[in-house]
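Residue numbers (the working numbering), protein chains in the order written: chain S, 1 to 318; chain W, 1 to 259.
Since the hints were made in silico from the structure, they are not lab data.
Small disclaimer: the values here were computed from a predicted structure and weren't measured.
Possibly wrong hints are sitting among the right ones.
[Said to hold, decoys possible] Restricting the straight-line Cα-Cα distance to at most 30 Å, the calculated cross-link-like pairs of lysine-lysine (DSS-like) are:
(1) K238/W - K316/S
(2) K318/S - K238/W
(3) K285/S - K248/W
(4) K108/S - K140/S
(5) K73/W - K17/S
(6) K248/W - K73/W
(7) K248/W - K16/S
(8) K238/W - K285/S
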Amino acid sequence: MAEVLVAVEHAGETPKKVTLELLTLARSLGEPSAVVLGGPGDTEKLVDRLGEYGAVRVYAAEHEDLDGYLVAPKATVLAGLVRSINPAAVLLPSTQEGKEIAGRLAVKLDNGLLTDVVDLAADGTATQPVFAGSVIVTAKVTKGLPLVTVRPNSVTPSQAPVAPMVSTVEVELTDADRLVRVVERRAEQKGTRPELTEASVVVAGGRGVGSAENFALVEELADLLGGAVGASRAATDSGYYPHQFQVGQTGKTVSPQLYIALGISGAIQHRAGMQTSRTIVAVNKDAEAPIFELADFGVVGDLFTVVPQVVEEIRKRK
Amino acid sequence: MNIVVLVKQVPDSGSERRLRDDDYTVDRESASNIINEMDEYAIEEALRLREAYGGEVTILTMGPARSVESIRKALSMGPDKAVHVQDDALAGSCALGTSRALAAAIRTLSPDLVLAGAESTDGRVQAMPHMLAERLGFAALTGARKLTVQDGTLTVERQTEEGYEVVTAATPAVVSVWDTINEPRYPNFKGIMEAKKKPVTTLGLAELGLAAGEVGSAGATSTVLAARNRPERQGGTKITDEGAGGTKLVEFLASEKFV
Ligand SMILES: Cc1cc2nc3c(=O)[nH]c(=O)nc-3n(C[C@H](O)[C@H](O)[C@H](O)COP(=O)(O)OP(=O)(O)OC[C@H]3O[C@@H](n4cnc5c(N)ncnc54)[C@H](O)[C@@H]3O)c2cc1C
Ligand SMILES: Nc1ncnc2c1ncn2[C@@H]1O[C@H](COP(=O)(O)O)[C@@H](O)[C@H]1O
Numbered sequence: 001m002a003e004v005l006v007a008v009e010h011a012g013e014t015p016k017k018v019t020l021e022l023l024t025l026a027r028s029l030g031e032p033s034a035v036v037l038g039g040p041g042d043t044e045k046l047v048d049r050l051g052e053y054g055a056v057r058v059y060a061a062e063h064e065d066l067d068g069y070l071v072a073p074k075a076t077v078l079a080g081l082v083r084s085i086n087p088a089a090v091l092l093p094s095t096q097e098g099k100e101i102a103g104r105l106a107v108k109l110d111n112g113l114l115t116d117v118v119d120l121a122a123d124g125t126a127t128q129p130v131f132a133g134s135v136i137v138t139a140k141v142t143k144g145l146p147l148v149t150v151r152p153n154s155v156t157p158s159q160a161p162v163a164p165m166v167s168t169v170e171v172e173l174t175d176a177d178r179l180v181r182v183v184e185r186r187a188e189q190k191g192t193r194p195e196l197t198e199a200s201v202v203v204a205g206g207r208g209v210g211s212a213e214n215f216a217l218v219e220e221l222a223d224l225l226g227g228a229v230g231a232s233r234a235a236t237d238s239g240y241y242p243h244q245f246q247v248g249q250t251g252k253t254v255s256p257q258l259y260i261a262l263g264i265s266g267a268i269q270h271r272a273g274m275q276t277s278r279t280i281v282a283v284n285k286d287a288e289a290p291i292f293e294l295a296d297f298g299v300v301g302d303l304f305t306v307v308p309q310v311v312e313e314i315r316k317r318k
Numbered sequence: 001m002n003i004v005v006l007v008k009q010v011p012d013s014g015s016e017r018r019l020r021d022d023d024y025t026v027d028r029e030s031a032s033n034i035i036n037e038m039d040e041y042a043i044e045e046a047l048r049l050r051e052a053y054g055g056e057v058t059i060l061t062m063g064p065a066r067s068v069e070s071i072r073k074a075l076s077m078g079p080d081k082a083v084h085v086q087d088d089a090l091a092g093s094c095a096l097g098t099s100r101a102l103a104a105a106i107r108t109l110s111p112d113l114v115l116a117g118a119e120s121t122d123g124r125v126q127a128m129p130h131m132l133a134e135r136l137g138f139a140a141l142t143g144a145r146k147l148t149v150q151d152g153t154l155t156v157e158r159q160t161e162e163g164y165e166v167v168t169a170a171t172p173a174v175v176s177v178w179d180t181i182n183e184p185r186y187p188n189f190k191g192i193m194e195a196k197k198k199p200v201t202t203l204g205l206a207e208l209g210l211a212a213g214e215v216g217s218a219g220a221t222s223t224v225l226a227a228r229n230r231p232e233r234q235g236g237t238k239i240t241d242e243g244a245g246g247t248k249l250v251e252f253l254a255s256e257k258f259v
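So that you can see chain S by itself, here it is in the shape it has in the complex (with noise of 0.2 Å):
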């Protein structure tokens, strides 16, 4: 069976959720292979983890260049492993840095790219919602192989345990490679929340929030919920709540299961980052509020009396 390659993105000591997402999905493409692009180390961590999940091979590329300098040199070896191997499909996660690697990567191939992919059929047709999800449409690489970035919360992840081979790969890079250090790298992650972008909850707060104090009742639905907080942009803008957890047209896209709206109106750019979410439910005490009219629950009343009794009524039944 063809190999296809998939570019793990990890935290740490631990394959992304996304990661398994796609492994899940190269299994019904051809045979899963797993390519790991970081430190020295590295592979050694992720290994098992990739292997309950299908990858038949693991690559590893490991330097420390590859953490000290930004996306080009992830690119380099992956465009060398591509061109070695000729794998039937290459998958990325539809993140920022997938996103950069997979364009760098059509460069170096001359080879056709497809980004927010949510279903890749065997054939290489890949499904991509656009303009927000209000159109969806079937499309395909021509040039070269199907190179696609997959977006997270996609596919539901699948075990299917081996025993990875794992192979090392030569990284070689070029001056060119390294034109961008990475000086500091700082996380600001709150706590123990899932990421939003990969939650399967997610309760969001919108200017109706009115403070950055009060977001701890947003919060406090969120970990009740075991969910991920996110924001308007105009509670964002406002400082209630830090700019990388905003959800929206210029902000993260989220699909998850449930995803809860208080205090947020559903203006069109907000509603472009959640509004393929399983199930809405909204609190607004504008009965006209736009947000309405995608909730599959709403309740029109003050988010300050109806969350501490959805906190409260959640703990009773615990």
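Based on these hints, arrange chain W with the ligands on the given structure of chain S.
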């Protein structure tokens, strides 16, 4: 410092957007078209750098004839001149083709810095800055929420999924900016009047030294097979809180097995 700012004209995301029925490319005729919002932040950043260090700011747009509206609008904010890459053979370009044409145009301008938006609202490919950097051999510092320049060294604070990172590079470079980097100025009357007289150079394939088969639909490396509108989401139950709204909400969550 000579700066090129990439400005893309896109259909307004606040109005209805569609694909054409014949070739499934973005319908730019029926839409109300505007400057891609993030690109306004790139223009603003360029103007601030010009104010601090001098030099020239050039707007670069690839798009159909009507993109000139956006070019004039961009110029009214203060840039010096513009280059419009326009040719019938460019219609239907994929991201790879667009990057080929834009890179060729950038070469004719030999800038120290290329500023772009982090992503466009129609394509959302988010890959153009890296594609260009790859073709030009420039450094690419993307997703900037802060940019500082000192003695030819660029330092960017870049937003990431986890938080932020600080990256540095020497010019020439491509920097893409996020909407957190600044607050774009509004064009004033004087700016709007001056923009009408600023030079806009149009470059076609011949001037860029490109063959028709390398770009446009002829050179496209991917193709759309079909498109359909996603069924509109229907609102479900809506209740008014009269004291038990929260409890009812939890009952709904329980019925859907979320609690
Ligand atoms: C190019 C562009 C890109 C954009 N990108 C994004 C994006 O990525 N993400 C995004 O979110 N927005 C984006 N926006 C902004 C968007 O248009 C809206 O302005 C924004 O989403 C509004 O946020 P909001 O719903 O929190 O605030 P508002 O629209 O002010 O709504 C607040 C809501 O809270 C309700 N409320 C107030 N108090 C209470 C209370 N006590 N209890 C219950 N309800 C209450 C009000 O009834 C109101 O409906 C973008 C805009 C543009 C032009
Ligand atoms: N046709 C174009 N003309 C000028 N700039 C463009 C064009 N396409 C993309 N860009 C620039 O590249 C950025 C990222 O676009 P994208 O990769 O399409 O998300 C945009 O914000 C623009 O600054």
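Hint check:
no., hint, result
1, K238/W - K316/S, "24 Å, holds"
2, K318/S - K238/W, "26 Å, holds"
3, K285/S - K248/W, "16 Å, holds"
4, K108/S - K140/S, "19 Å, holds"
5, K73/W - K17/S, "43 Å, violated"
6, K248/W - K73/W, "51 Å, violated"
7, K248/W - K16/S, "35 Å, violated"
8, K238/W - K285/S, "12 Å, holds"
In summary, the numbered hints that this structure violates are 5, 6 and 7.
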